[in-house]
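Given chain A, work out where chain B with the ligand should sit, using these hints.
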Amino acid sequence: MSSVAQRASLDAVRPYGDHLDDGLVQLSFTLPVDHGPLAREAALALVRDKMGLIKPEIVHAKPLTPGYTYFVLFAQCQHAVDCDRLAAVRTATRAMSEEEVDAFVAERLGRPIVVIGASTGTDTHSVGIDSILNLKGFDGRHGLEAYHWFRAHNLGSQVPNTALLAKAFDVEADAILVSQTVTQQGLHLHNLTELVELVEAEGKRRDLLLVCGGPRITDELAKELGFDAGFSKGTYPNDVAAFIAQELAARERPPVDAAAPEL
Amino acid sequence: MRIGDAIAPAARVALVGLAKNTGKTVALGAILAELEARGETIGVTSIGRDGEATDAIDDAIAKPPIHLPPMALVATTDRLLERSAARTEVALPTDHRTPLGRVVIARLLERGTVEVAGPVAAQDVGDVVETMRRLGAERVLVDGSIDRRAGASPRLADGVVMSTGAVLSADLDQLVRRTRAAAELMTLPAVEDAALRARAAELRTSALLLEDGEAVPLETAIVHDRVEAIVPLLRGRADVQALVVRGALCEPLLEQVARARRGRATLAIADDATRVFLGRGTCARHRARGVVLAVLHAIPLLAVTTNPVAPLRHRFDAAELRERIARELPGVPVLDVLADAPVPA
Ligand code: B12
Chain A
233 MSSVAQRASL
243 DAVRPYGDHL
253 DDGLVQLSFT
263 LPVDHGPLAR
273 EAALALVRDK
283 MGLIKPEIVH
293 AKPLTPGYTY
303 FVLFAQCQHA
313 VDCDRLAAVR
323 TATRAMSEEE
333 VDAFVAERLG
343 RPIVVIGAST
353 GTDTHSVGID
363 SILNLKGFDG
373 RHGLEAYHWF
383 RAHNLGSQVP
393 NTALLAKAFD
403 VEADAILVSQ
413 TVTQQGLHLH
423 NLTELVELVE
433 AEGKRRDLLL
443 VCGGPRITDE
453 LAKELGFDAG
463 FSKGTYPNDV
473 AAFIAQELAA
483 RERPPVDAAA
493 PEL
Chain B
8 MRIGDAIAPA
18 ARVALVGLAK
28 NTGKTVALGA
38 ILAELEARGE
48 TIGVTSIGRD
58 GEATDAIDDA
68 IAKPPIHLPP
78 MALVATTDRL
88 LERSAARTEV
98 ALPTDHRTPL
108 GRVVIARLLE
118 RGTVEVAGPV
128 AAQDVGDVVE
138 TMRRLGAERV
148 LVDGSIDRRA
158 GASPRLADGV
168 VMSTGAVLSA
178 DLDQLVRRTR
188 AAAELMTLPA
198 VEDAALRARA
208 AELRTSALLL
218 EDGEAVPLET
228 AIVHDRVEAI
238 VPLLRGRADV
248 QALVVRGALC
258 EPLLEQVARA
268 RRGRATLAIA
278 DDATRVFLGR
288 GTCARHRARG
298 VVLAVLHAIP
308 LLAVTTNPVA
318 PLRHRFDAAE
328 LRERIARELP
338 GVPVLDVLAD
348 APVPA
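Order-wise, the sequence lines are chains A and B. Residues in the first sequence are numbered consecutively from 233, following this note's numbering. Residues in the second sequence are numbered consecutively from 8, following this note's numbering.
It should be emphasised that the hints constitute simulated quantities derived from the structure, not laboratory data. Since the model is a prediction, treat every value here as computed from it, not as a measurement. C-beta: ideal position from N, C-alpha, C; glycine also. One should not assume that every hint holds.
[To be verified] In silico contact screen, one side only, chain A against chain B (beta carbon under 7 Å); selected entries: (1) T394; (2) A395; (3) E434; (4) P447; (5) E456; (6) G458; (7) G466.
Bound conformation, chain A alone (with noise of 0.2 Å):
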């Protein structure tokens, strides 16, 4: 294999530049300033002084604008992650494309999928949702329209959430899909929160899986915010439909004790 291939501990894991463990980051940034020595000297203490980082080098410095500069810097990194000790990173899915996740659908369930998602609350933003529901889906990736497996309804952006949960049981959904851009005063947790006390209250939690997504949710908070699992950045539709078709299958299994393997 590739010369490359020396693997780090995932006990301390460092940054990579050049070889193992040297810590190497790139940063870019522009300072209001001049371009000229004062600038420089001021990106490097910015850096060397504010940041942690240590051995800063300037590698690209170019005027914008009179009164501004843009910086290209690198330094060194200190600092070690533990990833051992990272406990939202979602192990159980196993990775599937959109092809695989048909076959497993009809394989362990042997019959469709009903999604329904929206944009809740005064939420306007749809490109997210969309992105993940719709035919044209996302970076080349079809949406869960697309796929014979799946009954994928979008009701679009600014929803109720007791509009959401209504049409939910009318097609009798088997997820319910929430995307929140807007986090400002964090108006996104309460709109969560209250999808998920409607189900409870309802009664239905345990005959829905309730999916979040969005810029700054991450399975951590979808965890608080009662949701069976928070999609973020970089997501594909194909994760998603991996995750609910490989839940919905654990589900329907007999309790642990069967003993039946892990996915």
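Structure of chain B with the ligand alone, referenced to chain A:
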């Protein structure tokens, strides 16, 4: 009064916050410390997640760890348990799945800190609570999350501790008003008329109960989505005794009821207070318009805790906040569990 005394009557105690960072975890810590001093065997589960090092929204906000006494039972997940430094044994694996792994019930073998993260669905929380009782917990604490109330349902808990704090508003008057409204909602009274209560409890679906004993069933769609459709059903009827909603009773429906009844008193009945959803309105506002809210199962409010600090924002005087809230909630113990401890700078 101390918080341990306030919760004494309830074997299953729910903790509910009115928002994120109202001091719910601190209240939990205070309860744990007092119960430990009394030598009680404790079980703890969380509807969300508790004892994490930093806030899931703003990692500049540090969260207090949860110290558990030896022999305490805790619901956590396989993945969280693996990275915990405490000495524990798995008392029982469960089948409940969460975004952070599968729920296990662990027993502390010595004092330690474990992140608490129980099942997501309230029904599953109920299972865990019962299991912990079977495994020997004399008292089980069900911690809430953010502003979630589902854990306070009488099906899960015998009483609730509510946490309010400065994060609710930078305006003290508004903070006090919002806390009072939330307490009023949480403590909606049980239907007084025993016969009416029995009739309402028997219903399988939402319905209008008429004086002559008849019930007009209401479709789910009317209750949630096409709420205006209730207006013609109510208009011109003098014989409506109560509106009963099985499931979520939401503000838009109440608005339509008030519109149709034009000020005539109408009783609206929900299963319990966790199923009543008021947006901006308060119980008092609906009452003023003739709609009186009641429940089949009331929730005892055991105590309210106050937190004068909004992390990274503003703070109030601890004693003043506590006293203002206490004045609004006669009969309810209002406590600042940190008041005796030095306030961190
Ligand atoms: C386009 C846009 C708009 C459009 C939206 C049009 C539309 N139909 O959606 C318009 C112009 C209407 C708009 C309005 C506003 N916007 Co705007 N907008 C953007 C912009 C430029 C792009 C967002 C986008 O489409 N991203 C592309 C999608 C594909 O990414 P995504 O949403 O993250 O989705 C991915 C994942 O997150 C995930 N995902 C998302 N949702 C879901 C759901 C599920 C179930 C799953 C599984 C996954 C998932 O999968 C997706 C694919 O990977 C961003 C800035 C930026 N460049 O990001 C600001 C931005 C999001 N907007 C912002 C703001 C503040 C607003 C306004 C409040 C502005 C104002 N003051 O009026 C209003 C909001 C009004 C309202 N009530 O909602 C802020 C949000 C800040 C915050 N965190 O609160 C941003 C970040 C801009 C900024 N830097 O300030 N906006």
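Tested hints:
no.: 1; hint: T394; result: holds (5 Å)
no.: 2; hint: A395; result: holds (5 Å)
no.: 3; hint: E434; result: holds (4 Å)
no.: 4; hint: P447; result: violated (13 Å)
no.: 5; hint: E456; result: holds (4 Å)
no.: 6; hint: G458; result: holds (5 Å)
no.: 7; hint: G466; result: violated (17 Å)
In terms of the numbered hints stated before, the structure departs from hints 4, 7, listed from lowest to highest.
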